[in-house]
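*Asks:* Sequence:
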Amino acid sequence: MTGNNKNRYNGTPNNEDTMAERITPRKENYSQWYVDIVIQAKLADYSPVKGCMVIRPRGYALWEKMQQTLDRMFKETGHQNAYFPLLIPESFIKREAEHIEGFSPELAIVTHAGGEKLEEPLVLRPTSETIIWSMYKKWIQSYRDLPLLINQWANVLRWEKRTRMFLRTTEFLWQEGHTAHSSEEEAREETLRMLEVYRDFAENYMAMPVLTGIKSESEKFAGAVNTYSLEAMMQDRKALQAGTSHFLGQNFAKAFDVTYQTAEGSIDHVWATSWGVSTRLIGALIMTHSDDKGLIIPPKLAPIEGVIIPIFKSSNKEEVLGYAREVLSAMKQEIRVEIDEDEQNSPGWKFSEWEMVGVPLRVEIGPRDMEARKVVLVRRDTGEKIPVAGEEVTRTAKALLDDIQQSLFERARKFREENYHRLDTYKDLRKLFESEGGFVEAHWCGDPDCEGKIKDDTKATIRVLLDRKPVDGAVCIACSKPASQVAVFSKAY
RNA sequence: CGGGCUGUAGCGCAGGGGCUAGCGCACUGCGUUCGGGACGCAGGGGUCGGUGGUUCGAAUCCACUCAGCCCGACCA
32 MTGNNKNRYN GTPNNEDTMA ERITPRKENY SQWYVDIVIQ AKLADYSPVK
82 GCMVIRPRGY ALWEKMQQTL DRMFKETGHQ NAYFPLLIPE SFIKREAEHI
132 EGFSPELAIV THAGGEKLEE PLVLRPTSET IIWSMYKKWI QSYRDLPLLI
182 NQWANVLRWE KRTRMFLRTT EFLWQEGHTA HSSEEEAREE TLRMLEVYRD
232 FAENYMAMPV LTGIKSESEK FAGAVNTYSL EAMMQDRKAL QAGTSHFLGQ
282 NFAKAFDVTY QTAEGSIDHV WATSWGVSTR LIGALIMTHS DDKGLIIPPK
332 LAPIEGVIIP IFKSSNKEEV LGYAREVLSA MKQEIRVEID EDEQNSPGWK
382 FSEWEMVGVP LRVEIGPRDM EARKVVLVRR DTGEKIPVAG EEVTRTAKAL
432 LDDIQQSLFE RARKFREENY HRLDTYKDLR KLFESEGGFV EAHWCGDPDC
482 EGKIKDDTKA TIRVLLDRKP VDGAVCIACS KPASQVAVFS KAY
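Residues in the first sequence are numbered consecutively from 32, following my numbering.
The hints are simulated quantities; they were obtained by calculation from the structure and are not laboratory data.
The structure presented is a predicted model; accordingly, all values stated were derived computationally and were not measured.
Among the hints, a few may not be true.
With a cut-off of at most 30 Å between alpha-carbon atoms, the simulated DSSO-like pairs for lysine-lysine come out as follows [claimed, not checked]: (1) Lys269 / Lys445; (2) Lys381 / Lys416; (3) Lys462 / Lys269; (4) Lys285 / Lys344; (5) Lys484 / Lys269; (6) Lys416 / Lys363; (7) Lys269 / Lys148; (8) Lys324 / Lys522; (9) Lys486 / Lys522; (10) Lys490 / Lys458; (11) Lys500 / Lys462; (12) Lys348 / Lys416; (13) Lys73 / Lys416; (14) Lys445 / Lys490; (15) Lys381 / Lys462; (16) Lys331 / Lys269; (17) Lys81 / Lys251.
Whenever a hint applies, use it, and build me the whole structure from the sequences.
*Replies:* As C-alpha cells, then:
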C-alpha cells in the first residue's frame, strides 16, 4: 500500500509542521498527493475489485452537487432524462465499424447467466449509443418526432489497463446525452450548445477554466464525425479532458437504420449528437484547486459551505456553545453550514480536519468572540482570518463565499495563462516538454504523421484544434509545410 | 500487458526459520485540557494479503496468485 513513497503520514505529528502531515506535498510526489487527497478527504476508497472504487459519502455528495446543477442545465436546454439498460447485445456494438474498433479492447462481456451459456453474449455498456439508437429506430418516424433530446445518468464499464481514482476507473458514473435531429445544421448546433453548457459549468461552478475545441482524427470518439472537448490544465501542467460533445453525423442512424419522413415527404436518415461528463470531474476539481493541506472545493459545489468551530473550556462551554448555536441558526437560513461540537478533539485538530475535507469557510467562535459578539471567518483558499461582528456574519460569509469562488477561478486561470505558450520552432516545443511542460499552441499541417512524431518525441498530444485558422504563411511546427490548423499540444491524463 | 517497489492491528511501520508477534498514532472508558493536530491512567483490537509447497517447526524460505503505488505500452 505504501509503494516506494516514504512520505506518508506516520501518525506522529511533529511541531515543525503540524498541518496536514497526512498529505504528501505536491512538489515531492504529485501522484501520491492526489491519492492522499482522495483517501484523506474521504472522497473514495479502493474496492475489492481491481480498478474499481467506492465513492464515499463526501465524494458522492460532491457528485450530487454536480449532478443537480448539470441536470438543471440540461432541462433548461430542453432535454429529458430516461434510462437504458446496462446490458447490450454484443451484436449491437458491432453495428458501427469505428465504434466497435474503438471499444472492443475495453469491453466486459457477460457470457453466462442463469446457470446457462447465453445464446448471444451481453456487453456491459461502455457507452450507450448502440442500445439507444436501436430504440430510436422504433420511436422516430416523422420530422414531427424530432428533435429527440434525451439524457441518462448511468454507470459505464471500460476495462482499463491502468486505473486512477476518479480519473480512470473500470466503472464510473456519468451522464450521456443522445439527441436526434432532422438536419445536420441543427445537430451541429446541439453539439456546440452542449459544449457551451459544459464550459459554463466548468468555469462558473467548478471554477475551472477550460479550453474548448475540436479533436484531431486520432483522438476523436469512435463513431463520431467530430468530437469537441473541454481541456483543463491541472497543477502539474498536464491536460485533463473534462468533457466531450460529439457530432455523430448519420453514422449511428445508418448503422441502426433510423429514418424519418421529412415535411416534404422524402425519407432521410436522422442526424445525431452525444455528449457526456463523468465522475472524472471530481478528479479535475481536486487537481485544479487543492493544496498540500487537503481538498479545496469551490463554494458553489461544496456540500458544506461553512463549518463553525466553537472554542471552549469546560468552564465556559455552555455560554460559548450557546452563542455558536445562535450564529449557526442565523447562518443556516442562507448558507449550508454545520457546527463541530465534538469535545474530544482540540480546535486546532478540527481546523486541520475541516481544511482537509475542503470546506470553503471556517467560522471560529471562542470566548473572546462571544464577549465581543463577534466571530472569526477563515478562508480555505488563502487562510486569511477575518474578524466580523456577529450580526454581520451571514452577509460577510456570503460575500466571502462569492469571493472565494471568483478567486479560485482567477487563480486557476492565471496559472493556465502562465503555462500557455505559443511556439513556432520544433526545438522550443521539445525543450518545453522536456522541462516544465504546459499547453503549447502551435501551427499544424493536419498530417497525422506530424502529430505522431510529436507524440513520440515529447509524449504530448493534440488536446484540441482551436476554432481559428492559421495566419497567412504559418507553417507546421513539425514539418514546416503550410499549416492548416492551430493546435494546442500537451501531455495529458 | 511489460519493468520496478510494497502488502504484518483502522493508519504508519519494526521483526526476516524457534516458546505468548511488537512500537507509534488512531479506537474504547474515566479524569484533566481546549484561539493551529493537548495529557494522564486503564483497556480492546492480529487467520502476518491469499493458495500451495519446503521443514520437526513458516509472518520469516520457495512457487503461484491477488491487490496497491511508481515508470512504460494502451486508452471516449
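*Asks:* Taking the hints in turn, state whether each one holds.
*Replies:* These are the hints, each one checked on the structure:
1. Lys269 / Lys445: holds, 15 Å
2. Lys381 / Lys416: Since the Cα atoms of Lys381 and Lys416 sit roughly 16 Å apart, the hinted pair holds (cutoff 30 Å).
3. Lys462 / Lys269: Given that 30 Å is the threshold and the Cα spacing comes to 16 Å, the pair holds.
4. Lys285 / Lys344: violated, 73 Å
5. Lys484 / Lys269: The given pair, whose Cα atoms are some 19 Å apart, holds under the 30 Å limit.
6. Lys416 / Lys363: holds, 21 Å
7. Lys269 / Lys148: Roughly 45 Å between the alpha carbons, so the hint for Lys269 and Lys148 is violated.
8. Lys324 / Lys522: holds, 26 Å
9. Lys486 / Lys522: Since the Cα atoms of Lys486 and Lys522 sit roughly 9 Å apart, the hinted pair holds (cutoff 30 Å).
10. Lys490 / Lys458: holds, 15 Å
11. Lys500 / Lys462: holds, 26 Å
12. Lys348 / Lys416: It holds: about 23 Å lies between the C-alpha atoms, which stays within 30 Å.
13. Lys73 / Lys416: holds, 26 Å
14. Lys445 / Lys490: holds, 25 Å
15. Lys381 / Lys462: violated, 45 Å
16. Lys331 / Lys269: Roughly 25 Å between the alpha carbons, so the hint for Lys331 and Lys269 holds.
17. Lys81 / Lys251: Roughly 27 Å between the alpha carbons, so the hint for Lys81 and Lys251 holds.
Violation of the numbered hints given earlier is confined to hints 4, 7, 15; the remaining hints are satisfied by the structure.
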